[in-house]
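Q: So the sequences go chain by chain: A and B.
Anchor point for the first sequence: position 15 equals 16 in this note's numbering, and the numbering is continuous, going up by one each time.
Anchor point for the second sequence: position 94 equals 95 in this note's numbering, and the numbering is continuous, going up by one each time.
No wet-lab data here; the hints were simulated from the structure.
There's no promise every hint is true.
Identical chains blur together in the list; that is why a pair holds if it fits in one copy or across any two.
[Unchecked claim] Capping the alpha-carbon separation at 25 Å, the derived lysine to aspartate or glutamate pairs in DMTMM-like fashion look like this:
{"id": "1", "residue 1": "LYS79", "residue 2": "ASP121"}
{"id": "2", "residue 1": "LYS79", "residue 2": "ASP138"}
{"id": "3", "residue 1": "LYS67", "residue 2": "ASP121"}
One letter stands for each residue in the lines below.
2 protein chains.
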Amino acid sequence: MSRNLRLEISYDGTSFHGWQIQPHLDTIQGQLKRVVERIVQAPMQVHGSGRTDAGAHALAQVCSFKSESLIPLPNFRKAINSLLPPAIRVNSIEEAPENFHARFDAQSKHYRYRIMTSRDCSPFDHRFVHHVPRPLDFVKLSAAAGFFLGEHDFSTFCDSQSEVEFKVRTITNSFFVFDTSRHLMEYNVCANGFLHHMVRNIVGTLLEVGRGKIACEDLPVILRSRNRSNAGPTAPAKGLFLVSVRY
Amino acid sequence: MSRNLRLEISYDGTSFHGWQIQPHLDTIQGQLKRVVERIVQAPMQVHGSGRTDAGAHALAQVCSFKSESLIPLPNFRKAINSLLPPAIRVNSIEEAPENFHARFDAQSKHYRYRIMTSRDCSPFDHRFVHHVPRPLDFVKLSAAAGFFLGEHDFSTFCDSQSEVEFKVRTITNSFFVFDTSRHLMEYNVCANGFLHHMVRNIVGTLLEVGRGKIACEDLPVILRSRNRSNAGPTAPAKGLFLVSVRY
Chain A
2 MSRNLRLEIS
12 YDGTSFHGWQ
22 IQPHLDTIQG
32 QLKRVVERIV
42 QAPMQVHGSG
52 RTDAGAHALA
62 QVCSFKSESL
72 IPLPNFRKAI
82 NSLLPPAIRV
92 NSIEEAPENF
102 HARFDAQSKH
112 YRYRIMTSRD
122 CSPFDHRFVH
132 HVPRPLDFVK
142 LSAAAGFFLG
152 EHDFSTFCDS
162 QSEVEFKVRT
172 ITNSFFVFDT
182 SRHLMEYNVC
192 ANGFLHHMVR
202 NIVGTLLEVG
212 RGKIACEDLP
222 VILRSRNRSN
232 AGPTAPAKGL
242 FLVSVRY
Chain B
2 MSRNLRLEIS
12 YDGTSFHGWQ
22 IQPHLDTIQG
32 QLKRVVERIV
42 QAPMQVHGSG
52 RTDAGAHALA
62 QVCSFKSESL
72 IPLPNFRKAI
82 NSLLPPAIRV
92 NSIEEAPENF
102 HARFDAQSKH
112 YRYRIMTSRD
122 CSPFDHRFVH
132 HVPRPLDFVK
142 LSAAAGFFLG
152 EHDFSTFCDS
162 QSEVEFKVRT
172 ITNSFFVFDT
182 SRHLMEYNVC
192 ANGFLHHMVR
202 NIVGTLLEVG
212 RGKIACEDLP
222 VILRSRNRSN
232 AGPTAPAKGL
242 FLVSVRY
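Only chain A is shown next, with the shape it has when bound in the complex:
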């Protein structure tokens, strides 16, 4: 009798080569697989809700794996955490329905991108923000965020190397939260799915709007162009957090 286990995990992605397992590289999925296999003494596959980029973080990534192990779940969680590096933590582990799959069953995801506009970036923040020490127009940023809402072909904001063919996604939330006392801007975006580098390319474009290089009104044209070269640069991974996955 094998159980299908669903885990919620957090990670500081700074020193990992992203979520996805890769030979000879330290990845989150690779660490989980290594640790769980060591505990259950059997090979297994960990399925994540999706990849996250090298250097990007997660507050609550979801993954699942099947296991014959009968270890009580609180002990299993504790054992996994005791063997994982402290930059990865399992927050919860629970039994899921037999057919639950972390990737295929994900309905929507929430990402947050953190931008710090203070003159200097604090040593305690620098791993977790994109530092942009120049004036950014709050009003323009907020207005621009709204242009991404809805169902669109997001080819303009997809990495040009991507092999995905169907690039239509629906963004259901797209807004900024400003914490002026901390010089912190957090862009939040929810969608039924994201293309490769999509959040980072949207943010790179929003920053061009915030500094006056791209006009808000041009965003619909840029979006419809389905041409990556019309958008802004890819914002660095360190500001990006996978906040939650909805099933």
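Dock chain B against chain A, hints included.
A: Below, chain B alone, put in the same frame as chain A:
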């Protein structure tokens, strides 16, 4: 005409071998010396308000150095920050009186020690807290903190390898701040000076009180014994922050 410059700096000490310069080891003082010498193209000495341990952090360490350089101070600060690793930041740089010395003129220091009591330690906190996932008695901790106030010979709380002879110091503040929603306890302590490992040894002892291994009432006896072996263990450096130095 040489200027005497006073700097306030922050650092995440996780990957450094402490403040003090040491051959072949990466230290905060060593990084500052390297960077400033590269900018001014002349050898110089950086004086800190005092050492901090390997792995300990600073919100506002103070240091000073003399320089013939005429670079305007805002540019000097910017140049230093552009060459320092992001884990060290110069917050301010200003001209000090000719005879100002960061160490000899320090009147008192404020340290903070952060303890996280949550079941798991978040990947985003683990570098900056001591994780103690067990019940600690708030009332006992607060009461115990008060016993350290005043002028005492702190031999009990000084590293036994220390070569300092005069071990009398005056603690002017010693209290806990509890943030129960975050499972965070912050111990704050101010004194006219600190012995080697003094804060970490006090915290290690306070934690023994908090978990019921040492009684509050025994603290005066332990303090008067001037015997390191009567105190608790040395708490790890990662929870320790130099908050400020008063001149």
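Q: All hints, please: hold or fail.
A: Going through the hints against the structure:
Proximity of LYS79 and ASP121 under a CA criterion of 25 Å is satisfied inter-copy only: 9 Å between copies versus 38 Å inside one chain copy. In the homo-oligomer, the alpha carbons of LYS79 and ASP138 lie at most 25 Å apart only across protomers (24 Å), although the nearest pairing inside one protomer, at 46 Å, exceeds that limit. Taking CA atoms no more than 25 Å apart as the test, LYS67 paired with ASP121 passes between copies only; the shortest distance there is 24 Å, against 46 Å inside one copy.
No hint from the list above goes unmet by this structure.
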